[in-house]
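If you're matching them up, the sequences are chains Z and Y in order. The numbering of the first sequence is the working numbering, which starts it at 9 and goes up by one. The numbering of the second sequence is the working numbering, which starts it at 77 and goes up by one.
Just so you know, not all the hints are guaranteed correct.
Stated by the list, open to error - Pairs of lysine-lysine residues, derived as DSBU-like cross-links and limited to a Cα-Cα distance of at most 35 Å, are as follows: (1) K75(Z) x K81(Y); (2) K124(Y) x K140(Z); (3) K85(Y) x K163(Z); (4) K121(Z) x K283(Y); (5) K81(Y) x K137(Z); (6) K124(Y) x K163(Z); (7) K130(Z) x K405(Y); (8) K364(Y) x K163(Z); (9) K75(Z) x K489(Y); (10) K364(Y) x K140(Z); (11) K121(Z) x K124(Y); (12) K161(Z) x K124(Y); (13) K85(Y) x K140(Z); (14) K140(Z) x K405(Y); (15) K161(Z) x K364(Y); (16) K364(Y) x K124(Y); (17) K121(Z) x K364(Y); (18) K85(Y) x K137(Z); (19) K489(Y) x K125(Z); (20) K124(Y) x K75(Z); (21) K124(Y) x K130(Z); (22) K405(Y) x K95(Z); (23) K85(Y) x K125(Z); (24) K137(Z) x K489(Y); (25) K405(Y) x K121(Z); (26) K161(Z) x K489(Y); (27) K405(Y) x K11(Z); (28) K125(Z) x K81(Y).
Hints were generated in silico from the structure; no laboratory data involved. The structure displayed is predicted, hence computed values, not measured ones.
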Amino acid sequence: MLKTTSISHNYSASSSFSFPDISCNSNETLLVLGNSGVGKTTLLHILAGILSPREGEVLIDGTSLYKLSSNRLDRFRGQNIGLIFQKPHFVQSISAEENLLLSQKMSGQTPDKSQVKTILEKLNIYNRKSAKNYQMSQGEQQRLSIARALINKPKVILADEPTSALDDDNCESVVQLLQEQSQAVGASLIIVTHDNRLKNIFNNYIQIN
Amino acid sequence: MNILKLAWKNIIHNPLSLLLNLLLLTLGIGLINFILLLDNQLKDKFDKNLAGIDLVIGAKGSPLQLILSSMYHIDAPTGNISVKEARPFLREGHPLIKRSVPLSMGDSYKGYRIIGTDYSILDLYSAEISEGKRWSDTYEVTAGADVAKKLNLKIGSKFKSSHGFSDDEDLEHEEGTFVIVGILAPTSSVVDQLLLCSTKSVWDVHKHQGEEHVAQDTVPAPVFDMSRSSLLSFGEEDITSVLIQYVNKTNFQALSMPRNINENTDLQAASPAYEINRLYDMMGTGTKALQLLAILIAIVSAISIFVSLINSLRQRKYELSLLRVLGGKPISLFALIILEGVIMAILGFILGMLFSHIAMTLLGDSLSDKYNYDFRAWEVHGKELYLFLVSIALGFFAAFIPAILAYGTDIHKNLSQG
């Protein structure tokens with residue numbers, strides 16, 4: 009589970025952000041809604057262990073992220089946080105399957121092909137395992153993103169605008185897929201978005217301004 | 077999928093820039109090694125064939141030419157000298173001279189030189205008979221190991237000689253059929269490339285043929301057996317040169333002998349050690365220029381690796397951030413980029429080695445056609461290990477700054493821009 013207390017951050021004296029406290033239990037989904045420019049990406053990066061906030065604490069399963077040494081934070085992030093980017097980013101030179109194997113390796117686990125196979129099958133893209141990401145359709149890339157976020161069975165899955173480029177039908181199915189898969193690994197799912205359509209799907213949301 | 081494998085995948089993901097980098101590396105490293113190979117092998121050849129010879133005496137002309145023709149058999153002789161003139165150096169019992177070897181040349185068979193001499197040449201090059209016997213009668217030949225093998229000469233094989241040293245049938249002597257009576261064991265010296273016969277055989281071939289070679293005296297020739305004294309009983313007959321070993325190389329009189337000969341006789345005396353060093357000096361200038369060029373290309377290849385890595389970093393800034401998000405440490409990114417540089421350098425080294433040894437094989441073939449010299453083109457020399465380490469260092473330093481940049485990847489900034 010994820011819990012934050014009185015996070016605030018500023019890049020310069022003139023622009024500062026304070027965020028409401030967030031709490032999200034395992035198997036739960038939390039929507040963080042907000043318009044552009046309110047610091048959604050900043051919050052996401054703080055939650056993901058990428059950006060150290062000026063003040064406040066982020067607890068994941070009882071571990072305070074920014075009290076870890078930077079090496080241990082890297083390792084912790086790899087093992088416990090699954091991140092889904094707005095645009096799908098992959099290592100270009102290697103295949104879909106290899107990207108997932110790399111994910112396992114980077115987080116300090118032993119790469120396991122059968123596990124990769126299971127998750128690719130679950131997301132219906134196992135037949136594309138040898139494709140490079142630029143050879144895949146946008147939908148396939150998004151599924152691969154989700155697969156990568158799940159592969160290490162993280163405690164928390166953070167999704168950055170996963171639906172912004174999708175039509176209503178696809179929006180709903182992607183979000184459902186996300187929710188199902190997060191629950192399958194028992195993770196907390198936090199979706200950071202400006203997409204108000206999602207309010208109709210999830211009742212658990214907070215608004216930031 | 078580990079860092080090493082990822083580095084490899086990244087390299088081959090960009091085939092064009094890989095091609096350019098490898099091309100430059102291959103040229104740079106290959107050229108450096110080629111020069112080293114050539115230098116080594118030539119020096120090796122020259123040194124081996126020094127055979128403890130302290131002095132070469134022959135007709136006036138270029139001293140280097142005298143050395144090259146008499147010791148290495150790769151240039152035309154400077155001319156001939158008469159037995160009478162050479163007599164003081166050929167006779168037994170000279171207080172300063174341990175061994176002297178008379179050489180008569182001018183003919184060849186299929187590009188291999190026929191040398192009229194006596195058995196002292198076998199002692200000089202520590203050559204032993206492996207088959208048959210030593211030449212003794214006129215037109216009898218004992219062949220060096222390489223000639224016998226290359227021309228497939230057996231005991232009893234017969235051939236006619238050609239005038240000059242090129243393989244030209246138009247210049248074939250009509251008279252005098254040589255016969256192989258023996259084959260020498262390999263010595264890895266120049267003797268392996270020679271056809272040895274008596275001095276008299278060389279005279280006889282030329283007596284029968286052209287007017288210019290006809291001896292001026294019509295007095296019946298003395299009897300010739302293989303002994304030195306029978307050689308010295310001739311007077312106006314020509315030989316080409318004499319190879320000399322001193323009793324004591326540091327003897328003062330021995331040291332002044334070349335100058336005495338050059339100043340007081342019509343002969344020329346040349347010191348191999350001195351002339352060969354002069355030759356190395358001359359080669360050295362050319363080699364140095366080539367070496368500089370090769371080093372320049374190697375530096376350009378390092379710059380090319382540097383530029384391609386910097387460019388790829390720009391394209392890969394999300395990828396690198398991604399690796400960090402996935403749990404990779406900054407040092408892993410550093411290692412990734414360094415590995416990319418080093419792997420390219422190792423590939424370049426391997427291709428460079430192939431390039432230089434293939435070039436050496438080709439050059440060796442053409443040199444051995446021309447001079448009947450064998451080069452061991454695929455022999456690995458100690459400096460190749462050193463060159464390997466230099467290549468790795470080149471890859472490392474070319475990748476160092478890009479790797480530092482990768483180490484400092486700001487994940488938050490990169491991902492916010494995406």
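Hints versus structure:
For the hint pairing K75(Z) with K81(Y), the CA-to-CA distance comes to about 33 Å; that is within 35 Å, so the pair holds. This hinted pair does not check out: K124(Y) and K140(Z) have alpha carbons roughly 60 Å apart, beyond 35 Å. Under the criterion of a C-alpha separation no larger than 35 Å, the hint pairing K85(Y) with K163(Z) is consistent with the structure, at around 31 Å. Taking the CA atoms of K121(Z) and K283(Y), the gap is near 88 Å; set against the 35 Å cutoff, the hint is violated.
Taking the CA atoms of K81(Y) and K137(Z), the gap is about 18 Å. The hint holds against a cut of 35 Å. Proximity of K124(Y) to K163(Z) is assessed by CA-CA distance (about 75 Å); at most 35 Å being required, the pair is judged violated. About 30 Å separates the Cα atoms of K130(Z) and K405(Y), which keeps this hinted pair within 35 Å; it holds. Restraint check: the Cα-Cα separation between K364(Y) and K163(Z) comes to about 65 Å, which exceeds 35 Å; the hinted pair is violated.
Straight-line distance between C-alpha atoms of K75(Z) and K489(Y) comes to about 21 Å, which keeps the hinted pair within the 35 Å bound. Of the supplied pair hints, the one linking K364(Y) and K140(Z) is violated, its CA atoms being roughly 48 Å apart against a limit of 35 Å. For a cut-off of 35 Å, the pair hint linking K121(Z) to K124(Y) is broken: about 61 Å separates their Cα positions. In summary, the hint linking K161(Z) to K124(Y) is not supported, as the alpha carbons are separated by about 71 Å, beyond the 35 Å threshold.
Using a Cα cut-off of 35 Å, the hinted pair K85(Y) and K140(Z) holds, with the two alpha carbons roughly 12 Å apart. Note on K140(Z) and K405(Y): the hinted pairing holds, with a Cα-Cα distance of about 24 Å set against a maximum of 35 Å. Among the hinted pairs, K161(Z) with K364(Y) is inconsistent with the structure: their alpha-carbon atoms are about 62 Å apart, more than 35 Å. Pair hint K364(Y) plus K124(Y) holds up; C-alpha atoms about 24 Å apart against a cutoff of 35 Å.
As the CA atoms of K121(Z) and K364(Y) are separated by approximately 55 Å, the hinted pair breaks the 35 Å bound. The suggested pairing of K85(Y) with K137(Z) holds, with an alpha-carbon distance near 16 Å, which does not exceed 35 Å. Using a Cα cut-off of 35 Å, the hinted pair K489(Y) and K125(Z) holds, with the two alpha carbons roughly 33 Å apart. For the given pair, K124(Y) sits about 73 Å from K75(Z) by alpha-carbon distance, which is inconsistent with the 35 Å threshold.
Simply put, K124(Y) and K130(Z) have alpha-carbon atoms about 74 Å apart, too far for the 35 Å limit, and the pair is violated. For the hint linking K405(Y) to K95(Z), the alpha-carbon distance of about 23 Å falls within 35 Å, and the restraint holds. Of the pairs offered as hints, the one joining K85(Y) and K125(Z) holds, with about 21 Å between alpha carbons and a cut-off of 35 Å not exceeded. Between K137(Z) and K489(Y), the direct Cα distance comes to roughly 31 Å. Compliance with the 35 Å bound is thereby established for this hinted pair.
The straight-line distance between the Cα atoms of K405(Y) and K121(Z) is roughly 23 Å, inside the 35 Å bound, and the hint therefore holds. For the proposed pair K161(Z) and K489(Y), the alpha carbon gap of about 27 Å is at most 35 Å, so the pair holds. Only pairs whose Cα atoms come within 35 Å are accepted, and K405(Y) paired with K11(Z) is accepted, the gap being roughly 25 Å. Our distance criterion of 35 Å between C-alpha atoms is met by K125(Z) and K81(Y), whose separation comes to about 20 Å.
Checked against the numbered hints given earlier, this structure breaks hints 2, 4, 6, 8, 10, 11, 12, 15, 17, 20, 21; the rest are met.
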